[in-house]
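Student: Chain residues, written in single-letter form:
There are 2 protein chains.
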Amino acid sequence: MKAFQDYYPDNFSHCYGCGRLNEQGLKIRSYWDGDESVCNFRPQPYQIAIPGYVYGGLIASIIDCHCIGTASAAAYRAEGRELGSEPPLRFLTAALKVDYISPTPLGVILTVRARAKEVKGRKVVVTAELWAAGEVRARGEVVAVRVPEGMMNV
Amino acid sequence: MKAFQDYYPDNFSHCYGCGRLNEQGLKIRSYWDGDESVCNFRPQPYQIAIPGYVYGGLIASIIDCHCIGTASAAAYRAEGRELGSEPPLRFLTAALKVDYISPTPLGVILTVRARAKEVKGRKVVVTAELWAAGEVRARGEVVAVRVPEGMMNV
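Which chain is which? The protein sequence lines are A and B, in order. Here the working numbering is used: the first residue of the first sequence is 3, the next is one more, and so on. Here the working numbering is used: the first residue of the second sequence is 3, the next is one more, and so on.
Just chain A, with the same shape it has in the complex (with noise of 0.2 Å):
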C-alpha cells in the first residue's frame, strides 16, 4: 500500500523526516483511515528526551510531517483528483504547535492520528493527536501552506 510521500514528485522526497530519497531520513508514512490519517512509527533507542521516553523534537518532527502530509492528500481529495496527479499539490509547514500532555514512552509503536479542519485556498489546518501505549501522549496542529508553483522545481 502506497503512502502519501510515495506520491510526492521526487525533488520533494529528500526530506529528512519523510522523503523516501532521505537515506538517513525518518521515512515518516501516512495513510488515509477514513476521513483520519494515519502514521505509525517506532523510535530508535537513541531518540530519547531522558532514559525511557522519547525526545520531544522527534515528536514534534512526526506531527509536522504526517501533518503536511495529510495537508497534501485533504487537498487533492478537495479537488476531488487522485494522489499524485498532476499538477502537484506539495505543502510547507507555516506554523507548528505541540501540547506535550504526558511523556511519550520508548519501546513502542507511536501512532499519530491527524484531521485537515480546514482546507481553503492555498492553506491547510491540520490536527493531530500522538499515542502510545493507549494514551494521547501530544497533540498538535499545523498550518501548512501551498508551495508556489515557482519553488516546485528546486
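Derived from the structure by calculation, the hints contain no laboratory data. Certain hints may be false.
Stated by the list, open to error - List time: in silico SDA-like cross-link candidates among lysine to any residue, alpha-carbon distance up to 25 Å:
#1 Lys29/A / Val40/A
#2 Lys29/A / Lys125/B
#3 Lys125/A / Arg139/B
#4 Lys29/A / Lys4/B
#5 Lys99/A / Lys125/B
#6 Lys119/A / Gly54/A
#7 Lys99/B / Glu120/A
#8 Lys99/B / Arg139/A
#9 Lys122/B / Ser104/A
#10 Lys99/A / Glu137/B
#11 Lys99/B / Asn42/A
#12 Lys119/B / Pro47/B
#13 Lys125/A / Ile111/B
#14 Lys99/B / Glu143/A
#15 Lys125/B / Gly36/A
#16 Lys119/A / Glu25/A
#17 Lys125/B / Pro11/A
#18 Lys125/A / Glu25/A
#19 Lys99/A / Lys99/B
#20 Lys119/A / Arg139/A
Mind docking chain B on chain A? Use the hints.
Tutor: Relative to the frame of chain A, chain B by itself:
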C-alpha cells in the same frame, strides 16, 4: 567555556537534542550573552526539507532544547544561584510553537537567540528567534515546566 547543558546531571544528559552523553545526538549547546541566550548550530547535509533548505523538524528541535536550557539557566539566575548547584533545576517542554518565517538555507551556521519572558513558580516561558544568513527564519515559544523532584532520579 561550559554550556548550560554541561551542568545537567548525568541522568538528564542523554537527550537526543542536547545530551552530552548521547553519542548519536545533536549536541545542542547554549550560553548566556547578556540577558539573552545564544546557540549556534550547523546542520548536516542530509538534515533538509527540500534540497538547499534545512528541515523544519530540526529547527523545532534546536529551538526546543535551546529554550529548555535557557529556562533552566534563567531559573538559576532568578534564585541567584550558580548553574549546576544543588538541587538541580531541570525543565521539560509543556508546549512548543514555531512560526516558520522564511526557508532556512543549508550550509551556514544557524543562530538561535532566546529570552526568558516569564519566570514564575515552576513555569518558565521562553521566546526565541532563529537566524541564518542575516535574516530571522523562524520564531519560537516554549512553555517549560520544572521537572518534579520524583522524576529527577529516573
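Student: Below or equal to 25 Å on CA atoms is what counts here, so check Lys99/A against Glu137/B.
Tutor: OK: Lys99/A and Glu137/B at ~22 Å, within 25 Å.
Student: CA of Lys119/A to CA of Gly54/A, is that 25 Å or under?
Tutor: violated, 33 Å
Student: Does the structure keep Lys99/B and Glu143/A at a Cα separation of 25 Å or less?
Tutor: holds, 9 Å
Student: Between Lys125/B and Pro11/A, does the CA-CA distance stay at or below 25 Å?
Tutor: violated, 44 Å
Student: Quickly compare the C-alpha distance for Lys119/A and Arg139/A to 25 Å and report which way the hint goes.
Tutor: holds, 20 Å
Student: Can the restraint linking Lys29/A and Val40/A be considered satisfied, given a maximum Cα separation of 25 Å?
Tutor: holds, 14 Å
Student: Taking 25 Å as the top limit, are the C-alpha atoms of Lys29/A and Lys4/B close enough?
Tutor: Not satisfied, since the Cα-Cα distance of roughly 35 Å exceeds 25 Å.
Student: Can you confirm whether the C-alpha distance between Lys99/B and Glu120/A stays at or below 25 Å?
Tutor: OK: Lys99/B and Glu120/A at ~19 Å, within 25 Å.
Student: Does the alpha-carbon distance linking Lys125/A and Arg139/B stay inside the 25 Å limit?
Tutor: The hint holds at about 20 Å.
Student: Checking one constraint from the list: CA of Lys99/B to CA of Asn42/A, max 25 Å. Satisfied?
Tutor: holds, 23 Å
Student: Is Lys125/B close enough to Gly36/A, meaning Cα to Cα at most 25 Å?
Tutor: Since the Cα atoms of Lys125/B and Gly36/A sit roughly 39 Å apart, the hinted pair is violated (cutoff 25 Å).
Student: With a cut-off of 25 Å on the C-alpha distance, tell me whether Lys125/A and Ile111/B pass.
Tutor: This hinted pair is violated, its Cα atoms lying about 30 Å apart.
Hints 2, 4, 6, 12, 13, 15, 16, 17, 18, counting from the list given before, are not met by this structure.
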